[in-house]
Each structure stands twice: as structure tokens, then as C-alpha cells.
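As given, the protein sequences belong to chains A and B, one line each in that order.
Counting in my numbering, the first sequence runs from 18 upward without gaps.
Counting in my numbering, the second sequence runs from 18 upward without gaps.
Bear in mind the hints are in silico, worked out from the structure with no lab data behind them.
Keep in mind the model is a prediction, meaning the values are calculated, not measured.
Heads up, a few of these hints could be off.
[What the hints assert, rightly or not] Covered by chain A, according to a simulated footprint, are these stretches of chain B (three or more residues, beta-carbon under 8 Å):
#1 39 to 49
#2 52 to 59
[Unchecked claim] FRET-style restraints, in silico, Cβ to Cβ:
#3 A/SER56 with B/VAL101: 36 to 46 Å
#4 A/ALA118 with B/PRO194: 25 to 35 Å
#5 B/GLU219 with A/GLY196: 24 to 34 Å
#6 A/GLU94 with B/ARG114: 38 to 48 Å
[Unchecked claim] List of simulated lysine to any residue pairs, SDA-like, C-alpha gap at most 25 Å:
#7 A/LYS182 with A/ARG215
#8 A/LYS42 with B/PRO26
#9 B/LYS42 with B/ASP55
#10 B/LYS182 with A/TYR78
#11 A/LYS42 with B/ASP210
Cβ coordinates follow ideal geometry from the N, Cα and C atoms, glycine included.
2 protein chains.
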Amino acid sequence: MQDNLYDCPEYPLLLILSGPSGVGKDTVARMLIERRPDSFYFVVTATTRPPRDNERDGLDYFFVNFDEFAHMIETNELLEYAIVYNDYKGIPKQQIRDALASGRDVILRVDVQGAATVRHLIPNAISVFLTTRTEGGLVRRLHQRKQDTQEGMALRTATARQEMKRLAEFDYCVVNPEGRPEVAVERVLSIIDAAHCRTHQEPVRL
Amino acid sequence: MQDNLYDCPEYPLLLILSGPSGVGKDTVARMLIERRPDSFYFVVTATTRPPRDNERDGLDYFFVNFDEFAHMIETNELLEYAIVYNDYKGIPKQQIRDALASGRDVILRVDVQGAATVRHLIPNAISVFLTTRTEGGLVRRLHQRKQDTQEGMALRTATARQEMKRLAEFDYCVVNPEGRPEVAVERVLSIIDAAHCRTHQEPVRL
Chain A
18 MQDNLYDCPE YPLLLILSGP SGVGKDTVAR MLIERRPDSF YFVVTATTRP PRDNERDGLD
78 YFFVNFDEFA HMIETNELLE YAIVYNDYKG IPKQQIRDAL ASGRDVILRV DVQGAATVRH
138 LIPNAISVFL TTRTEGGLVR RLHQRKQDTQ EGMALRTATA RQEMKRLAEF DYCVVNPEGR
198 PEVAVERVLS IIDAAHCRTH QEPVRL
Chain B
18 MQDNLYDCPE YPLLLILSGP SGVGKDTVAR MLIERRPDSF YFVVTATTRP PRDNERDGLD
78 YFFVNFDEFA HMIETNELLE YAIVYNDYKG IPKQQIRDAL ASGRDVILRV DVQGAATVRH
138 LIPNAISVFL TTRTEGGLVR RLHQRKQDTQ EGMALRTATA RQEMKRLAEF DYCVVNPEGR
198 PEVAVERVLS IIDAAHCRTH QEPVRL
């Protein structure tokens, strides 16, 4: 008897990690990579906004000036870009192609509007909406950041409230409990592991 | 500001655990229940076949005679039933209703043909096809059981080979590595956890 192989075809996947401003996307994304540094690739977003105190160029973001950003747009190097709070943010394509080619899953931390664009361009991306359990929890997080003027805070809160309404556009919804991001990390790991077990998989193309 | 709730609606789910004869469905199902006895309910199949040495009535199967089985068919108490190797097997409905009503996820160990019937009746069931990595691995398992005549073994092997071809009908495919069922158990747990995070969920109805 010939020894047929029964494995399902398995491809690296692209995970969109999104959610409203302040929900903890950065923390969860960082912890995911720490859990499986050899399996996951974290896409570093290019941005024209200045770095926050704890942010490192090339790791948290690529901090670029407006001219550099304009060049990336012109050469079609960005999967998606947007103006967020008067600054540009964009996702360099080549990073994603390289990571997928190396067999790693790609984790894309992106705002809600950007997630919609990426889902449109890459329909077989897995999309996760990170959320707090209540609106009050989200507002508390935004206040804890203490990086905004009162006016900026009002804008962020209103935006977050609108973003929350777009939950249904996503495949998955994961609650990020205050002070316990490891709970959300475990859920996202399950979503990734389950996705690798799907019988019907297609390679991500971009 | 009112404190809106952001949780996604979450319902107990029905997991179909299937795969070819000999792949290890019983072991994986038992280990799943042991891992989360308060969250999972294992549906006990009714069968007219005699118990194997290690099987206990009411736990592994409900062992019934042909008259009792006929009564269950007549009173429409079975979700699905079939003749398997000259014996009847069937899934009592009321168990599933009770388990779902108590908030537990229902795990249904069922053969490949039965899985097709259940998927048809309950389209939002999550279906998992348990497999070995190779056909040779499956045949070795069947031989290890040592419970069959040579003729019975040939029948089981041929059946298993046909069943393997139906993998694509399932949502998920999980390899059960020989001697390491805990690997398959972890994968199935991820599939269940991920399913509970879906943004679009409907209650199971039967």
C-alpha cells in the first residue's frame, strides 16, 4: 500500500490585530511576538508622528519625515496608509512579503479604518477586533495614557466610540481585560492555531 | 456617559469530532472532557454492539439491545443513527439539548458518515476531522487494536481509506500524532476557544 500523506496544506497567515484607540493593540502585539519569536513577524508601521518616550525606531514604528513618507506612497511601497491625528501612518509591503516567504505568520497592528482597507486587499486575512468589556474601560485606558490635551482626549474618545461600532466587520472579537493582557494573548494564539487547522487554506497574496 | 457593553454574544457550541476508524477519536474526546469537565459535555452514543473490555455503559456508550434501539428511532429521539459493521449506533437528542441549555459546549464523537448527517441538520456545528499524518500510520493503529478478524481488518482499512477522502467536508483538520494525543487535544481546544471569539455566532438549534 502506498503511504499517502494526509496533511492539509498549510500556509503562513496574515493576522490583522485592530480595535479602538487605547484598547492595548501595541501591548498584545508585542506579547504575541515574545511568545513565538520564530513563528511570528510583527509588521513595523511607518509613521510621521514623533516617537513616544518608550518607542524605538525600527521596532515599534519606523519614524520617517513627510518627504520619506511621500516617496513610499509614490513608489507604491505601502499596503495601506492613512492620516491619523494629523500624522501619516502606513504599512510597507515588502516586509510582509519577506515574512510570508520565510514561512512566518504576519501580525499587523492597524487601526479600524486601516483594517477595513487591508481586509479588502487581502480577503483571506484573519481579522481580530480587540475590545474592552465596557466603554468605561476604554475611556479609562485613554485617560491613563496622559499624552493628550483635554481636546485631544475628547477627540480620541469620540473616535473610539465610533470605532467600537465596527466590531461586526471583523472575524473575531477578543476582550482585553484591564491589567491582564495575557488573557487576550492566549485567545489570539488560539485563533491563529485554529486558523492553521482549517481544511481550506489559500496562500496570502499581495 | 452610559457604560455600553462591548462583549460579543457567545453561545455554547456543538463540536463534531470525527475521522476514520482507528484514528483515535475516543481517546481525544476523553482527554478533552478531562481537561475541562465543567465546560464540555461529551455525548454518549447509544449502540447495539457489545462493549469492548475497557468500555463502560453510560460513559463510553449506552449499550442497548435492538428493541430498545428501535424504540428510540420510533420516538424520534435520535439526532442521527446508522448501521456500522452490522450494529446500530445513534445520538440521543435530549442529552445535547440539556447540555447546551446548561451552557456547556457539546462534543460529539461521530464517524464520517454520521458527521455529514449532523452537519446537514446543524449547519453551525464546528466540524473537526482527526487524521494521522500518513495512511500507513492509520493502518498501524487499526492493527494495534487486535480486535478484528483478518477479514474485518481488511474491511476497516478499506473503509478508513474511503473516509480519509472526505476530509474536505470538514471545517478543520487536526493531525493526531501517534503516541501523542495531547498535541491533537491542544489543537482542538484552540479551535473551540477561537470559535467562542467569532463576532458572528448563532445558538445551536436541534
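Verification of the hints:
Note: the region 39 to 49 of chain B has 0 residues with beta-carbon separation from chain A under 8 Å; the three-residue rule is not met and the coverage is violated. Under the rule that three or more residues need a Cβ within less than 8 Å of chain A, the assignment of the region 52 to 59 of chain B is violated, with 0 such residues. Separated by about 40 Å at the C-beta atoms, A/SER56 and B/VAL101 satisfy the suggested range of 36 to 46 Å. Checked against the hint of 25 to 35 Å, the C-beta distance between A/ALA118 and B/PRO194 comes to roughly 28 Å, which is consistent with it.
At about 32 Å, the CB distance of B/GLU219 to A/GLY196 agrees with the hint of 24 to 34 Å. Look at A/GLU94 against B/ARG114: about 56 Å separates their beta carbons, and that is not inside 38 to 48 Å. With a CA separation close to 28 Å, the supplied pair A/LYS182 and A/ARG215 exceeds the 25 Å bound. Only pairs whose Cα atoms come within 25 Å are accepted, and A/LYS42 paired with B/PRO26 is accepted, the gap being roughly 22 Å.
For the hint linking B/LYS42 to B/ASP55, the alpha-carbon distance of about 20 Å falls within 25 Å, and the restraint holds. A threshold of 25 Å between alpha carbons decides the hint, and for B/LYS182 with A/TYR78 the separation of about 47 Å lies outside it, so the pair is violated. Note on A/LYS42 and B/ASP210: the hinted pairing holds, with a Cα-Cα distance of about 20 Å set against a maximum of 25 Å.
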